[in-house]
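Asker: The lines below spell out each chain.
2 protein chains.
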Amino acid sequence: MLNAHHDRIRLPQLQARITDAATAAALIHDGMTVGMSGFTRSGEAKEVPLALAARAQKERIKITLMTGASLGNDVDKILTEAGALARRMPFQADPVLRAAINRGEVMYIDHHLSETVELLRTKQIAPIDVAIIEAVAITETGAIIPTTSVGNSASYAILADQVIVEINLSQALELEGLHDVFIPKHRPSREPVPLVAVDQRIGSTAIQIDPDKIAAIVFTHKLDSASPIAQPDEDTAAIARHLIAFFEEEVNAGRLTKQLLPLQAGIGSIANAVMMGFVDSPFEKLTMYSEVLQDCAFDLFDAGKLDFASASSITLSEEKGKDVFSRFAAYKDRLVLRPQEVSNHPEVIRRLGIIAINAALEVDIYGNVNSTHVQGTHMMNGIGGSGDFARNAYLSIFATKSLAKGGDVSRIVPMVTHVDHTEHDVDIIVTEVGLADLRGLAPRERAQVIVNHCVAEPYRSMLKAYIADANQRGGQTPHVLERAFEWHTRYRVHGSMKKIEE
Amino acid sequence: MLNAHHDRIRLPQLQARITDAATAAALIHDGMTVGMSGFTRSGEAKEVPLALAARAQKERIKITLMTGASLGNDVDKILTEAGALARRMPFQADPVLRAAINRGEVMYIDHHLSETVELLRTKQIAPIDVAIIEAVAITETGAIIPTTSVGNSASYAILADQVIVEINLSQALELEGLHDVFIPKHRPSREPVPLVAVDQRIGSTAIQIDPDKIAAIVFTHKLDSASPIAQPDEDTAAIARHLIAFFEEEVNAGRLTKQLLPLQAGIGSIANAVMMGFVDSPFEKLTMYSEVLQDCAFDLFDAGKLDFASASSITLSEEKGKDVFSRFAAYKDRLVLRPQEVSNHPEVIRRLGIIAINAALEVDIYGNVNSTHVQGTHMMNGIGGSGDFARNAYLSIFATKSLAKGGDVSRIVPMVTHVDHTEHDVDIIVTEVGLADLRGLAPRERAQVIVNHCVAEPYRSMLKAYIADANQRGGQTPHVLERAFEWHTRYRVHGSMKKIEE
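Read top to bottom, the protein sequences are chains A and B.
Counting with the working numbering, you get residues 1 to 502 for the letters of the first sequence.
Counting with the working numbering, you get residues 503 to 1004 for the letters of the second sequence.
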């Protein structure tokens, strides 16, 4: 190790722990539970998992892998192809891993993202043997300074027997100070999370652990994967317009000010497009209290619309990433990255009064939302933080295009095939057709509003016919059970949810 | 008014507001929203609603009625039969009202019980015109001392234009001091709910409002309705045994102490039986942080097992009620009644680490729970507080007998027809057959554990066959959609979920 990087490893005794990825990966044995940094393709460990995958090609190594959320740099793909994953939690978004999950080869437990470390801390799931944490640097006291995400890194490092640190030399030291690491105490002596404002700092800027637990230090130069954000299209622009108009009405009605309330936006093109809608809006001094900051957050900063953003990670497109990190000082004092337990904490979300905007895979006539399961069976990504936010938000908004597969799939169906968010946790449904304000409505009323405002033909007429038949059967939430999934069956068999005669 | 009851109305200027129920009810007009005390058949207004129903027999009066939860003294029945209810929230448990709801005549919006007042406070649902609050007394400052429940009474009184107080002369003045009224501030300047221990008091003992808002005071002598709690039977005793054995294992594993963590128990015979199981258990110094205290809480006090109980109401059987209220001083310093916003607050539930025990109407092989809808369509009572607790608990337990209708209905089905609690919020399923510990398991594993531990024949074999067929289709959560509700359809048509040939 010619270059000891004293600015990156500031506790001299730890210089001796510098090693290569293969040596570090040798600390991980078959059957172990590994807790790794990484949240929405940001800040995952980039070297040791690959060395582990290489070993798994030659010997039996099957681990339980816990992360913050999804990983970049194909780490999940490579580990899956090497057969190294027995169990995976609490979130993933990789096509190869997803396929293995859906074949039943990898046991996938998707959690509300705020809850994983609670289960670990109370020993209700298997303990972390080894943590692998990407870092900008290790401080004089042996504390770990994360990179572009915090995720579950702090609790994993604290709870693990051994910690491997991957120091990313491509990440600037100026990331130091960006993070705010607060860890709730063990129950029953836990106190309130003291956070009462989006821009408040309640913890430390690094993850403090016993330095003796740091068993290996590896260097990397790999950057985070760029985020593949789709550009707004006509439909997402319409969704954004409907939402902006809705917020204007809320301000006119005196329920919100032009500052609104702190915004959470799920990941993906719809949420990004919706947030971009604020650029040319009358709203100002906006804040975000979210789990991930995408391109839109920095566009809103540049437009002078956004005052402060709190999240657990930053994930940007290639172009935006180059721009933002080349002049990071311009943003740093308006940003904070927190553990996902804090960014997604029910206590804080309820207290601050978040406006939560998440994408739906499928919505039913009563406003139940499926965020995860295609045809009710096949996992896409996972529930992620959407449940943490939707349940506890001041206002819970779900957005989706009304159609998919060239019109052969309606995103609004008689009954969702999988429920991630019950009607109690869904206030607003918005599609390119329009917006359904469901607040204060009973299920039969919700059905009318959703069908009339959010659905285009021919599905609108088909849903009206279903509702009429269901109402004949009666009930608080009328259904014709033997036909509730008829559209899904038709799509599976005939390739379209539309009626055969059409 | 011969007897001015100066001990009951301590602010002299309010003596002039004493009137009869019919005069008080005249303050309520067609189309108004009325917020009323009452939570799990305790502490509801008993005179003015009946006078309102009498008027509604003669003139058009249709109101939105909000309460804490269910009402006693047939108040919901009488109002329904008088045609006085247009809309009802956030909970009910009356057979006559339920039938009207299921016919679509009364619009019923069931809420997570902690959330109703948040929606009111932020003007997201129609504002309260008149509040009707049962009280033990009105203090020197015009503050209202509730009776056997707090529910939403405090926020209703604070937010209403006019308040009618029903002073219940059958309720002893010694109830004063039982209540702890804390109301969170408006956002965005809200601070933490400071509650960090079950026995902590964080508010005032009465509901402070502007006394000028008290428009009428009515007296009543009617008692709360007795709670119709079924005695434990062989099945509920078995459920209790399985749970006690589970808790013993948790203590042996070092995850819990003999004090466990604060217990929440849903209302009804199963939860009552489970709690009674603690009487002859090795656990001690137990605490409850629940929404309602049934007979079992006082049996546990008498058995020396329970140290303190916090809830939003007390609802007792006739015999137990006579006993408890005849010697209330023996219990009072170990009890506190809070607003349901606090008893059910996600922030507090998560912080304290509650063990939540709730009843399920129907459970599916993946651990999704239906608490409310018979055949997915017809409302029983409502989701109540079960969602507040299940989502945020340290441990979320759902209990049900495995069979109903003499064995023609299986409570464990391929897919629940309505989801109140998603698999993420369900840690333990327990039936008289056994207990399924689902912590850390993926859906395919959950199915095996539930079917093997909680289901009796012939349904166990039927579920295994379903799972085998579903696994052929693949997925994270395998299903055969066109057969997912086959059992329910069979029951509707043939009166049994069992296969026809059997």
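Mixed in with the good hints there might be a few duds.
A partial selection of chain A residues facing chain B, derived with a Cβ cut-off under 8 Å [unchecked claim]:
no.: 1; residue: Gly-104
no.: 2; residue: Leu-159
no.: 3; residue: Leu-261
To give a feel for the contact side, a few chain A residues facing chain B, derived at Cβ under 7 Å [to be verified]:
no.: 4; residue: Ile-101
no.: 5; residue: Arg-187
no.: 6; residue: Arg-327
no.: 7; residue: Phe-328
no.: 8; residue: Tyr-331
no.: 9; residue: Lys-332
no.: 10; residue: Glu-347
no.: 11; residue: Met-379
no.: 12; residue: Asn-381
no.: 13; residue: Gly-407
no.: 14; residue: His-424
These are computed hints drawn from the structure, not numbers from a lab.
For each residue, glycine too, the CB sits at the ideal point set by N, CA and C.
Asker: Double-check A:Met-379 for me: the hint is only fine if its C-beta lies closer than 7 Å to a C-beta in chain B.
Answerer: With a minimum Cβ separation of about 4 Å from chain B (threshold 7 Å), the hint on A:Met-379 holds.
Asker: Is the shortest C-beta separation between A:Leu-159 and chain B less than 8 Å?
Answerer: violated, 15 Å
Asker: Is the interface hint satisfied for A:Leu-261? The criterion is a beta-carbon contact with chain B at less than 8 Å.
Answerer: Holds: closest Cβ of chain B sits about 6 Å from A:Leu-261, inside 8 Å.
Asker: The hint names A:Lys-332 as touching chain B; please verify it with the least Cβ-Cβ distance against 7 Å.
Answerer: violated, 24 Å
Asker: Does the nearest C-beta of chain B fall within a distance shorter than 7 Å of the C-beta of A:Phe-328?
Answerer: This interface hint is violated because 28 Å lies over the 7 Å limit.
Asker: Holds or violated: A:Tyr-331 as interface residue toward chain B, Cβ cutoff 7 Å?
Answerer: Where the cut-off is 7 Å and the nearest Cβ of chain B is about 23 Å from A:Tyr-331, the hint is violated.
Asker: Mind checking the CB of A:Gly-407 against every CB in chain B and telling me if the closest is under 7 Å?
Answerer: Constraint on A:Gly-407 not satisfied, violated at 21 Å.
Asker: Please verify that hint: A:Arg-187, Cβ, nearest Cβ of chain B, below 7 Å or not.
Answerer: holds, 4 Å
Asker: A:Arg-327 was flagged as interface toward chain B. Is the shortest Cβ-Cβ separation under 7 Å?
Answerer: violated, 30 Å
Asker: Any CB of chain B closer than 7 Å to the CB of A:Ile-101?
Answerer: Cβ of A:Ile-101 sits 6 Å from chain B, so the hint holds.
Asker: Once the shortest beta carbon distance from A:Gly-104 to chain B is found, is it less than 8 Å?
Answerer: The hint holds - A:Gly-104 has a Cβ within 8 Å of chain B, the shortest such distance being about 6 Å.
Asker: Tell me if A:Asn-381 is really an interface residue toward chain B, meaning its C-beta lies closer than 7 Å to one of theirs.
Answerer: Check failed: Cβ of A:Asn-381 comes no nearer than 11 Å to chain B, outside 7 Å.
In the structure shown, a violation is registered for the earlier hints numbered 2, 6, 7, 8, 9, 12 and 13, in ascending order.
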